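If you read the sequences in order, they're chains A and B. The working numbering applies: residue 423 is where the first sequence begins, and numbers increase by one. The working numbering applies: residue 456 is where the second sequence begins, and numbers increase by one.
Just so you know, the hints here were simulated from the structure itself, not pulled from any lab data. There could be a bad hint or two in this list.
Stated by the list, open to error - Not everything, but these chain B residues come out facing chain A in the computed CB check (under 8 Å):
| id | residue |
| --- | --- |
| 1 | Phe504 |
| 2 | Gly509 |
| 3 | Phe514 |
| 4 | Gly517 |
| 5 | Ser522 |
| 6 | Asp525 |
| 7 | Asn526 |
| 8 | Pro527 |
| 9 | Gly574 |
| 10 | Pro580 |
| 11 | Met583 |
| 12 | Gln641 |
| 13 | Ala654 |
Values in this document were obtained by computation on a predicted structure and should not be read as measured data. All C-beta atoms in this analysis are idealised placements derived from N, C-alpha and C, irrespective of residue type, glycine included.
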Amino acid sequence: MPSPLTDRIPTKRIAIFALRIASVWLAFALAWPLLAPMYRPFYCAVGNLVFDNGKASAEFSVAEDVKGDHDIDIRLEKRGSGVWGEAGHSSRLSGYLPTITLITFILATPISWERKRRALLWGLLFVTLYVLLRMWIPIRRDFSNPDALQVYAPGALGRQLIGISERSLVNAPASWFIVPIFIWVGVAFRRTDWELLQDGEGDPRG
Amino acid sequence: MGSKKKKKERRESMASSKGATPPGAGEESGSPASRGSDFMAAKGPALRFLLIAGGFMLFFYGFFYTSPEDNPGLNNAINAYLGAYASVAGFLLDVMGFDIAVEGQNIFMESKPVKVVRGCDAMEPIAMFIAAILAVNVGSWRSKLIGLGAGIGILVFANLLRIMALTYISVRFPSFFDTAHLSVGQTLFILLTLSVWFAWAIWASKQEAKEEAQETPKEPPDALAAD
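Chain A on its own, in the form it takes in the complex:
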C-alpha cells in the first residue's frame, strides 16, 4: 500500500527519467575511444581558431603519446620574444564530458524532436562557450604568472578571480555536470513542461 507521501510523488516517472539519462550518458561515455580520434582534432581546431593569435598565443595539437587523460599539447608562446612553454590538457575532461552531459539531458527530456533539435542547436552553442572558457582560464593563468612567459599583469583581485574560476569551473569535479544542467534548463524548458512532469497533462509538442 503506497504511503501518502510516495502516492503524491510520481517516483516511477522520475526513476525512468533518471534511468534514461544514465543509459544515454553511459553510451556516450563508452563511445569515447571510438569518437576520440575525431573529437581531438576538432577540439584543437576550435582552440587554435580562438587562441592561436595575438601576443599571447596558444597552439593546440593532439599529443603524439596519449597518456591517460593527457591527450592535447598546448604550446604557449609570448610572440615577438621567442619565449614559449608547454602545457598538457585533456580534451575528454575539458570538452567532451560537458558536451555529452548537455546532449544526454536534452535527448532524455520527454519533448518533441523539433524542440530537441532547437534545444540542441542553442545548447551546443552555449556549452561550446563554456568549453572555451575552460580552455581559456588555464591559458590566462599561465600568461599571468610572474615569469618569462608573463604577458598580462592582473592585480590582486584579478589573480584571485582567475584562481577561483580555475578551482570552480575547471578543477571542481562536478562543474562539468552543473554548468551543462543550467544550460539544459535554459534551452529545453518551457512554462508548460512543469505540468508535464507533474502529471503528464502538459503538451510536449508545444
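On the provided structure of chain A, position chain B as indicated by the hints.
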C-alpha cells in the same frame, strides 16, 4: 497571502495559455513585440530560475573556492568536515568487518590509505540542490525548509555510501578507481540530486494545490440553484 494569490494567478494564466486560442488572439503574433512577449511567457520561469540559482552558485563558487591561503578558517572547517566523513565511513566499514584505521582525512583499509579530499564532500551538488529549491517558484517556505532538511540529509548519507564504496574499490579494484570516482560516482550522484529535487518540487506543488483547495470556500449548492 500575497504570494499565494500571485501563484494562483500564475497557474490560471498557464491554464489559459494551454487552452483554445480565443478569436482574434494571435493576430499580431508575427510582430517583434509579440514574439518577445511569447518568448518571455514560455521561457520566463526557466530564466527566473537560472538567474536566482545561477547567482546562488556564483556566490557559492566565489566563497567555497577561495584559495586555502586566502581563507585558512574556511579551509580548516572543510578539512574538519572531510575528517568527519572519513571517521564515519571508517566506523561503518569497521562494523562491516573490514580492517580499518582512520587518521584525519585518511582511511586506511588493509593498511592502504585513501584520502578524503575536497570534491569528495559533494558540496557542489548539494549547493546546486539548495539553489534549485530556493530558485523555483513552487511551494511555501515551510515546504522548502522540509525539502532542504530531508534532501540534504539524503545527499549527505548517499555521499557517505559513495566514500565507503570508493574506499573499497580503491583497495580491492584499484584499476577501476578513476572510472568509479570520476565517471560512475559523479553521474549517479548528480542524477540522485536531480531526482530528489524533482521529487520535492512535485510534492511541494501538490501540497500547495491541496492547501489552496482547502482555503477556497465552497459555494453553497443553493447559490447555483438561484442562477
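(request) Starting from the hint list further up, note which numbers the structure goes against and sort them upward. (result) 3, 7 and 8
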